[in-house]
Amino acid sequence: MTDKAYLHELNRFSTMSYNQLKTRLYKITDIEKLKNFAEFASIFRYKDLADLAVEKIEFLKGND
Amino acid sequence: MTGKTLFRQMAGMVHPDKATTSEHASGAKMREVLKHRNEPEVLLALARKWGLQLDGSFDSNAFDRNSSTFAGDVFEAVVGSIIKHNFTYKKGDSALHGVVVNIRKITKGYRKGAFEYKIYDFKDGTVWTLKSYEKQPFNKIVGNADESTLKTGQDKVDRINAGNKAVKKLRQDMADNTFASIGIKKNKSYQGSGVHVLVGYRGDVYKWHELIRTTAKSVYIPNGYKERRIPVGSVRKIKLVA
Chain A
1 MTDKAYLHEL NRFSTMSYNQ LKTRLYKITD IEKLKNFAEF ASIFRYKDLA DLAVEKIEFL
61 KGND
Chain B
65 MTGKTLFRQM AGMVHPDKAT TSEHASGAKM REVLKHRNEP EVLLALARKW GLQLDGSFDS
125 NAFDRNSSTF AGDVFEAVVG SIIKHNFTYK KGDSALHGVV VNIRKITKGY RKGAFEYKIY
185 DFKDGTVWTL KSYEKQPFNK IVGNADESTL KTGQDKVDRI NAGNKAVKKL RQDMADNTFA
245 SIGIKKNKSY QGSGVHVLVG YRGDVYKWHE LIRTTAKSVY IPNGYKERRI PVGSVRKIKL
305 VA
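Chain order of the listed sequences is A and B.
Note that our numbering has the first sequence beginning at 1, numbered continuously upward.
Note that our numbering has the second sequence beginning at 65, numbered continuously upward.
If you are wondering where the hints come from, they were derived from the structure by calculation, not from laboratory data.
Hints are supplied without guarantee of correctness; some may be wrong.
Distance ranges between label pairs, derived from CB positions [said to hold, decoys possible]:
| hint | chain 1 | residue 1 | chain 2 | residue 2 | range |
| --- | --- | --- | --- | --- | --- |
| 1 | B | Gly288 | A | Arg12 | 21 to 29 Å |
| 2 | B | Phe186 | A | Arg24 | 55 to 63 Å |
| 3 | A | Thr29 | B | Ile246 | 24 to 32 Å |
| 4 | A | Ser42 | B | Tyr289 | 31 to 39 Å |
| 5 | B | Lys199 | A | Met16 | 52 to 60 Å |
| 6 | B | Lys229 | A | Arg12 | 38 to 46 Å |
| 7 | A | Val54 | B | Thr171 | 50 to 58 Å |
| 8 | A | Lys22 | B | Pro286 | 33 to 41 Å |
| 9 | B | Ser253 | A | Arg24 | 34 to 42 Å |
| 10 | B | Asp240 | A | Met16 | 26 to 34 Å |
| 11 | B | Asn203 | A | Ser42 | 53 to 61 Å |
Below, computed lysine-lysine pairings styled on DSS-like, alpha-carbon distance capped at 27 Å [said to hold, decoys possible]:
| hint | chain 1 | residue 1 | chain 2 | residue 2 |
| --- | --- | --- | --- | --- |
| 12 | B | Lys93 | B | Lys82 |
| 13 | B | Lys187 | B | Lys148 |
| 14 | B | Lys148 | A | Lys4 |
| 15 | B | Lys271 | A | Lys33 |
| 16 | B | Lys252 | A | Lys35 |
Given the structure is predicted, the values throughout are model-derived calculations rather than measurements.
Every residue, glycine too, gets a C-beta built ideally from N, C-alpha and C.
Next comes chain A alone, as it looks inside the complex (with noise of 0.2 Å):
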């Protein structure tokens, strides 16, 4: 993922309420979004979205 599109993702996130982060985080399949997504959370404290990214991320590896 270039700069730019990592500085995207992250104004994006940082503009979304804790419901539409959640939805969000239900949609992407994306591991390398997920990664972003868990990275983004812990920086703004959503503990729980972060832990969540990351089991979604390990269920995902484990279905390939």
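We have chain A; now place chain B onto it with these hints.
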């Protein structure tokens, strides 16, 4: 009644030359009286302490600075003075009526050289700060507080100061934690080091900025030809750009 007559009357009793006629005559007392010759509240307190038998007109300790009989006299508030001040824009209709707990001279900042008066209002138990370049920023000095009232005021001010200090320490601790977690040091110059910080502050979008320097609780990033202060709590991440 003026401060001058009070001073003359007291000096007549405590001057060392009056040793034959007055039992209060002493050099130490005369020095005290001379020191406070322009502070009638203090003179009256001293007279009470020493048990001087003053002229009947000195029984009252009410001083009105705006009264016509006080024209030309200089009255200064000292620690322990009871003051009245019209503070209408802050206290509504009621005037500030309290005791001066602390006087300090401001030594730095844009009000350098001014006096700061901390006043404990014993009607509602609040503490007020008045800053002024004059030595007498009050409408009236109406008397001298007893020790217990002054002590109550001092305790209240101490409690407020302790609270402020605790909050300051808490904020510094939080800043220290953030500095440690993102991995930069405080009070350090980062000019030309290639460290960039990810900052989105006050509704700005998140961007990478070059880091110039850090202070105890802040980081500085370039802003045109100037620099901009950002609280360290708003820094999300750092990266090193070679």
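Evaluated hints:
no.	hint	verdict
1	B:Gly288 to A:Arg12: 21 to 29 Å	28 Å, holds
2	B:Phe186 to A:Arg24: 55 to 63 Å	59 Å, holds
3	A:Thr29 to B:Ile246: 24 to 32 Å	31 Å, holds
4	A:Ser42 to B:Tyr289: 31 to 39 Å	36 Å, holds
5	B:Lys199 to A:Met16: 52 to 60 Å	58 Å, holds
6	B:Lys229 to A:Arg12: 38 to 46 Å	42 Å, holds
7	A:Val54 to B:Thr171: 50 to 58 Å	54 Å, holds
8	A:Lys22 to B:Pro286: 33 to 41 Å	37 Å, holds
9	B:Ser253 to A:Arg24: 34 to 42 Å	40 Å, holds
10	B:Asp240 to A:Met16: 26 to 34 Å	30 Å, holds
11	B:Asn203 to A:Ser42: 53 to 61 Å	58 Å, holds
12	B:Lys93 to B:Lys82	12 Å, holds
13	B:Lys187 to B:Lys148	12 Å, holds
14	B:Lys148 to A:Lys4	64 Å, violated
15	B:Lys271 to A:Lys33	19 Å, holds
16	B:Lys252 to A:Lys35	33 Å, violated
Hints 14 and 16, counting from the list given before, are not met by this structure.
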